[in-house]
Amino acid sequence: MMPEDALRAARAAAAQRSDALEQGLRIEPTERVSIELLMEWATIEPDPDLMRSTRKLGAPITWAKRQLVHVLRQYLRELQSQQTRFNLNLLIRLAELEDRVARLEERVK
Amino acid sequence: MNVHQVLSGAGPHDAVTTQALAFRALFRAWGWGGRDVAAEIDPRVGNCVAPLRALAPLQRDVLLIHYSAYAPKLRGVLQMPQRKLLISHNITPARWFWDHDPQAGVVCALGRKQLPEFAAAVDVAAGVSRYNARELGSDVVIPILFDPAQLGAAREREPPQPPVVLFVGRLAPHKRQDAVVRAFELFRRRHASDARLVLVGAPINMRYEQAMRALADELSPGHVTIESSLTREQLAERYRSAHAFLCLSEHEGFCIPLLEAFHFGVPVIARAVGGVPEVAGDAALLLAPDDDESVVAELLALAVSDRQLRDVLRERAAARVAAYAPEPTARKLRDALQSLGA
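In order, the protein sequence lines correspond to chains A and B. Mapping the first sequence onto numbering that gives the first Met the number 0, position 5 (from 1) lands on 4, and the numbers just tick up by one. Mapping the second sequence onto numbering that gives the first Met the number 0, position 273 (from 1) lands on 272, and the numbers just tick up by one.
Hint data in this document are derived by calculation from the structure and do not stem from the laboratory. For glycine and all other residues, C-beta sits at the position ideal for the given N, C-alpha and C. There could be a bad hint or two in this list.
What the hints assert, rightly or not - Okay, derived cross-link-like pairs now, DSBU-like style, lysine-lysine, Cα gap no bigger than 30 Å in a straight line:
hint, chain 1, residue 1, chain 2, residue 2
1, B, Lys112, B, Lys72
2, A, Lys55, B, Lys72
3, B, Lys112, B, Lys331
4, A, Lys64, B, Lys72
5, B, Lys72, B, Lys331
As the list claims (entries may be wrong) - Interface residues of chain A toward chain B, partial, derived using beta-carbon atoms under 8 Å:
hint, residue
6, Ala5
7, Thr29
8, Asp48
The task is simple: from the sequences and hints, build the whole structure.
What follows is the structure, encoded as structure tokens:
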């Protein structure tokens with residue numbers, strides 16, 4: 000078969016099948032971030048497992064970094080909560096403004 | 000003559016760093032001096048790339064900026080009086096990263112936003128493909144310097160069964176390894192129950208790697224291998240033992256692994272996005288946007304088993320590798336730099 004014919008043949012063969020895989024993770028781009036998703040992201044919760052070192056002999060460095068995070072946990076929690084407080088309040092204000100704009104647009108119509 | 004290369008970031012398995020080091024080898028061969036610096040350097044890179052603060056060009060030197068990520072520290076380079084060539088290596092749209100690596104999302108979003116400012120501030124802006132160059136509003140293309148000799152010899156005979164499907168590329172959302180796993184599993188169920196899939200590429204983060212491993216274990220347990228940090232010899236061996244190369248990436252500025260697969264005579268199936276059609280030409284089976292995983296599975300079956308199809312693709316692949324031979328690329332690079340006074 001020539002390459003120019005292969006795609007047509009594959010499409011015809013696929014049309015005879017009905018065994019598509021539905022389960023499992025399917026990656027999709029985030030085209031428009033909804034206010035609900037923004038709310039989710041606004042809550043700062045970094046995963047401690049992501050703390051690691053890519054250097055040679057990174058394992059002990061990773062261990063040391065994680066110990067440091069553990070030791071500083073009270074301070075880091077404070078930072079996270081302050082940032083989250085700001086993020087959430089800003090989003091609530093944004094959501095209120097969106098509602099207000101929508102109501103005003105409705106009134107103009 | 001001195002040409003200094005400025006990188007947004009330097010990493011050990013990073014295509015842009017590899018490219019900059021290959022350029023440096025050329026500059027040395029041409030008798031040119033200069034040094035390579037980066038705004039961010041992975042410790043594994045070693046001493047071949049210096050920190051940005053080490054950049055101290057003379058008035059007549061030329062700066063070659065490799066633009067591949069947001070790097071606010073590079074703004075200072077734009078203010079320097081030396082003549083500048085910018086090569087854009089393309090930045091993935093942030094929408095692919097928001098859910099999986101927010102930091103990468105931010106870097107990509109800002110990087111794409113900053114690119115026009117950089118392109119306007121240099122003397123010549125070039126892309127590694129026409130697709131990349133168009134994004135800059137430029138028609139200057141300096142392709143990736145691809146030297147097949149460094150990969151080792153292509154295979155002399157067909158690899159033994161069972162079929163092996165290969166993809167090489169960063170384990171990242173826009174590369175769509177999830178779709179590769181899905182299409183492979185359909186192919187395996189329908190045509191070759193003992194087939195194997197090999198995914199080679201460094202993950203963007205541990206969580207994403209775990210998600211991909213979990214998907215592979217759920218859909219195709221025991222048939223998928225995920226590897227990274229391979230040596231050049233190991234990578235060459237993966238290509239030599241592959242029956243088909245499957246790229247379902249949703250965004251590619253150039254896609255070097257296509258040329259690598261061509262060099263090793265591996266039939267290529269790829270989604271026709273970004274710079275892929277330009278690089279692949281007629282040597283790959285290119286998918287339309289609405290071709291689903293079922294179509295891909297059937298194409299895999301043909302690419303693995305149809306002798307004539309494999310032979311024709313291999314012949315055409317050799318022509319694509321010849322089209323991207325290092326000599327003409329080196330000439331384009333030299334011409335662009337000499338036009339700036341190097």
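- Item | Violations among the numbered hints, reported as their numbers in ascending order | none
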